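Enquirer: For reference, the chains in residue letters:
Protein chains: 4
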Amino acid sequence: MNTVKNKKKHVLILGGSSDIGIEVVKNFLKINWNVSAQFNKNKKKLEFLKKKSQNLNLIKFNFSNSKNLYIEKKISKRFNRKYDSIINLIGYVDNKSFENTNLKSILNSLTANAIYPILIEKMLVKKMLKQKWGRILNCSSIGVKFGGGKNSFNYSFSKHCLEFIPSSYKNWAKKNVFINNLRIGVTNTKIHKKMKRKKINIKNRLKLIPINRMAEPKEISNYITNLTTGSNSYMTGQTLTVSGGE
Amino acid sequence: MNTVKNKKKHVLILGGSSDIGIEVVKNFLKINWNVSAQFNKNKKKLEFLKKKSQNLNLIKFNFSNSKNLYIEKKISKRFNRKYDSIINLIGYVDNKSFENTNLKSILNSLTANAIYPILIEKMLVKKMLKQKWGRILNCSSIGVKFGGGKNSFNYSFSKHCLEFIPSSYKNWAKKNVFINNLRIGVTNTKIHKKMKRKKINIKNRLKLIPINRMAEPKEISNYITNLTTGSNSYMTGQTLTVSGGE
Amino acid sequence: MNTVKNKKKHVLILGGSSDIGIEVVKNFLKINWNVSAQFNKNKKKLEFLKKKSQNLNLIKFNFSNSKNLYIEKKISKRFNRKYDSIINLIGYVDNKSFENTNLKSILNSLTANAIYPILIEKMLVKKMLKQKWGRILNCSSIGVKFGGGKNSFNYSFSKHCLEFIPSSYKNWAKKNVFINNLRIGVTNTKIHKKMKRKKINIKNRLKLIPINRMAEPKEISNYITNLTTGSNSYMTGQTLTVSGGE
Amino acid sequence: MNTVKNKKKHVLILGGSSDIGIEVVKNFLKINWNVSAQFNKNKKKLEFLKKKSQNLNLIKFNFSNSKNLYIEKKISKRFNRKYDSIINLIGYVDNKSFENTNLKSILNSLTANAIYPILIEKMLVKKMLKQKWGRILNCSSIGVKFGGGKNSFNYSFSKHCLEFIPSSYKNWAKKNVFINNLRIGVTNTKIHKKMKRKKINIKNRLKLIPINRMAEPKEISNYITNLTTGSNSYMTGQTLTVSGGE
Chain A
1 MNTVKNKKKH VLILGGSSDI GIEVVKNFLK INWNVSAQFN KNKKKLEFLK KKSQNLNLIK
61 FNFSNSKNLY IEKKISKRFN RKYDSIINLI GYVDNKSFEN TNLKSILNSL TANAIYPILI
121 EKMLVKKMLK QKWGRILNCS SIGVKFGGGK NSFNYSFSKH CLEFIPSSYK NWAKKNVFIN
181 NLRIGVTNTK IHKKMKRKKI NIKNRLKLIP INRMAEPKEI SNYITNLTTG SNSYMTGQTL
241 TVSGGE
Chain B
1 MNTVKNKKKH VLILGGSSDI GIEVVKNFLK INWNVSAQFN KNKKKLEFLK KKSQNLNLIK
61 FNFSNSKNLY IEKKISKRFN RKYDSIINLI GYVDNKSFEN TNLKSILNSL TANAIYPILI
121 EKMLVKKMLK QKWGRILNCS SIGVKFGGGK NSFNYSFSKH CLEFIPSSYK NWAKKNVFIN
181 NLRIGVTNTK IHKKMKRKKI NIKNRLKLIP INRMAEPKEI SNYITNLTTG SNSYMTGQTL
241 TVSGGE
Chain C
1 MNTVKNKKKH VLILGGSSDI GIEVVKNFLK INWNVSAQFN KNKKKLEFLK KKSQNLNLIK
61 FNFSNSKNLY IEKKISKRFN RKYDSIINLI GYVDNKSFEN TNLKSILNSL TANAIYPILI
121 EKMLVKKMLK QKWGRILNCS SIGVKFGGGK NSFNYSFSKH CLEFIPSSYK NWAKKNVFIN
181 NLRIGVTNTK IHKKMKRKKI NIKNRLKLIP INRMAEPKEI SNYITNLTTG SNSYMTGQTL
241 TVSGGE
Chain D
1 MNTVKNKKKH VLILGGSSDI GIEVVKNFLK INWNVSAQFN KNKKKLEFLK KKSQNLNLIK
61 FNFSNSKNLY IEKKISKRFN RKYDSIINLI GYVDNKSFEN TNLKSILNSL TANAIYPILI
121 EKMLVKKMLK QKWGRILNCS SIGVKFGGGK NSFNYSFSKH CLEFIPSSYK NWAKKNVFIN
181 NLRIGVTNTK IHKKMKRKKI NIKNRLKLIP INRMAEPKEI SNYITNLTTG SNSYMTGQTL
241 TVSGGE
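Order-wise, the sequence lines are chains A, B, C and D.
Okay, so the first sequence: first residue is 1 according to the numbering used here, each after it adds one.
Okay, so the second sequence: first residue is 1 according to the numbering used here, each after it adds one.
Okay, so the third sequence: first residue is 1 according to the numbering used here, each after it adds one.
Okay, so the fourth sequence: first residue is 1 according to the numbering used here, each after it adds one.
Just chain A, same shape as in the assembly (with noise of 0.2 Å):
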């Protein structure tokens, strides 16, 4: 089915330090692939990856600069090259809610969640497109379902943005080139964590998963991979929840 190349493939994650990031590495080291993790802040997790293997690769970048409708340029010079899969988890998350928001802010997470990973993904999606071969896989939050939470009004809008997929997917299944997106049910990591020591909410978060547990980022990072690798060979142009039953 899938015209499996025997060179080693090649993953770009964006948000790899990322507590679903670092569990997304590991998966791809484990079956062999080259990995090159984008970060801007938390390297540690990832520079103790990179010690135990040659094969992954740490691309230093903040896409939340205050600046960043001036770093397009950049952009072009410190991801282009051929990928066979593109995994976006990039999360820049402000507390504003639709009442307090302002262009500036909407347009800060905008370009830094949705718009940058776009830019990116149609840069390298014509590699993917010559190689006849491509995974892109643009992970989002349930909190697009229902309108955002109180306080992440900027999130949940530009992670609803991110959610488009334009028409040309359809040509590019021609190609072996597929894109999906995950929406992503509260899941165990550093922000969620906090919340349960402070016992922020988390109490009542809880009670709306009918699971009744948040996810771990292992296993969250086991169905991003398993969509992102030849193992999903017929699926494109979706958008999958994995929320735990919400």
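Because the hints were derived from the structure by calculation, they are not lab data.
Incorrect hints may appear among the rest.
One copy or two, either will do: identical chains are not told apart, so a pair holds if it fits within one copy or between any two.
As the list claims (entries may be wrong) - When the alpha-carbon atoms are kept at most 16 Å apart in a straight line, the in silico EDC-like pairs for lysine to aspartate or glutamate are as follows:
#1 K130 / E99
#2 K150 / E99
#3 K207 / E246
#4 K145 / E163
#5 K104 / D94
#6 K45 / E219
It should be emphasised that the depicted structure is a prediction, and the values quoted were computed from it without experimental measurement.
The hints should help you fit chains B, C and D onto chain A, whose structure is shown.
Expert: Then chains B, C and D, alone, in the frame of chain A:
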């Protein structure tokens, strides 16, 4: 059901000079509302209507200014007053495909078609909540359902973004303030008339519409009026599609 | 747009004695259509209306007969004539949960709420296609969105089934015959009035409705009429939700 | 995450002799589950597999019996035991268009494809809840998205009905019992092979699939296995589509 007040109601129509906008203006003048219609260039038809009605107020404003990132303050000056209904028909179109888009052109379409209308609605919804009555309708396009046409990535992407309904809408509902989206099908407007004259593609486009004809601006305007006057008393948070069965 | 004929139009209302049905009957009498209203037991209100109007015709028919699997022929006798619009408001309710349902009770709800209405529509749509005008509306329930309530599996399941729109609707559209679904929210009808008197659950149920009140049958009937008369000239194949924001 | 028990797991595959069913059987035998496969006529391939594995158990049962309304009791006799996963691949197909269907043929398709599987799941889910582990997958068809093909109204209607997920799934989730739907695209099975040989329509059908080829039963079986084993640990209540981008 509705705490209808005796005083005259007032509707703000963004994109009021479009072919559909003109018909919406007429509808509201007919039921004796005050009408404020925003326009940019095509003021002819609006000025003709203004001569016949004291209830029509014209607002010249350019949302798709190349420097539009700095007009947030101007917006609050020009649009900040009490309205009972807001109808967003802004449709800034460029001809960029996904393959040819770039940061600047994405942001141009996005701010004009989605972010400025959203910021205006954010500003005005507060007054609606105080007066306990309000109807907001964002008009998007059937293209959103299919990921846009070949050369309308920016337009479809921005219309997709516009369709995000923030969870706050549930609180607004309690105060009789409703928000909905209307996905509009192919309509017999200037753009499509031009295509028709030039015989570009229009036949192929029509084949995709089960009803087998374009909508007339007049009939679309009736759906819009129904959703933004008292005749909509129980529907909020919805995305409706009026597209001849597409 | 519509090839409106001068002769009087005729609507068939299945479930015409329900609280919403009565209001729909009134709406159509007001705009001077002929009305055929099917009922089973509650004929009081319908007979009261009949005294005042020669345009109202009553059809007694029991769809939820325990032997309903053998009434296909009866149906073609009783309902086979020219109609311009068909509105299906049949709502046979038992109190079976998923855990307690069985073959017989599933089939009872399914035939009454979905299969018989579908067979009637199948029979009558041919005449609509000949006369090149027709509007069909199947009314389902907001419960379908959530998999039904605890004790209404059969009802919700059958309403879900009813929402299937066969691809033939695209051919019908060409002949100006439209079909849509309307998901109706909690409405102030006999059932809910009873719950209110007994203070059963109704408060908790209301909490789930953003608008914070039930719909009145009158206001639901207006959405129905708009979708099944000439005022719907370009919408087909859609499922709309009027549910106070749920 | 999962309270995996040491004892061998057991999957029930309804429609186990279909081309996809055979591959699912193979997958589960490979990971050393016990497999019970229901079939009606085509037992050849299943019996071949049975010779090689003691873990495979065959259940002959005809769901599409013309007298199928009376087999409820037989079902509880034949299928009532502990299973860890249930996969419903029953696909009873007749060739009725919407225009030519009738009560009997609707009920035949509906009971075989939807109601009997649902009743079996209802019966078996109780045991899953007790053992605190269970995965249910109902397989429907991409046709449901489009209202079915011209001559497959009964099939598509029944598959649409099957997709109803009762709200009880939220309670099941707490006990680690999940239920999902899989909409399967055009697959290279006997039916389509026959079409291919006869060159009926198959080329036109393929044109509608962005990936530009049918799915192989093997690749569909992998999606199915992923959703019904421990590798699905956080997704429930979803309808997924694996259809080559349709």
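Enquirer: Hint by hint, note whether the structure agrees.
Expert: Evaluated hints:
1. K130 / E99: between (46 Å within a copy, 14 Å between copies)
2. K150 / E99: within (9 Å within a copy, 36 Å between copies)
3. K207 / E246: Classified as within: same-chain Cα gap 10 Å, cross-chain 19 Å, threshold 16 Å.
4. K145 / E163: both (11 Å within a copy, 12 Å between copies)
5. K104 / D94: within (12 Å within a copy, 23 Å between copies)
6. K45 / E219: Neither way: K45 and E219 sit 18 Å apart in one copy and 35 Å across, limit 16 Å.
Of the hints listed earlier, the one the structure fails to meet is number 6.
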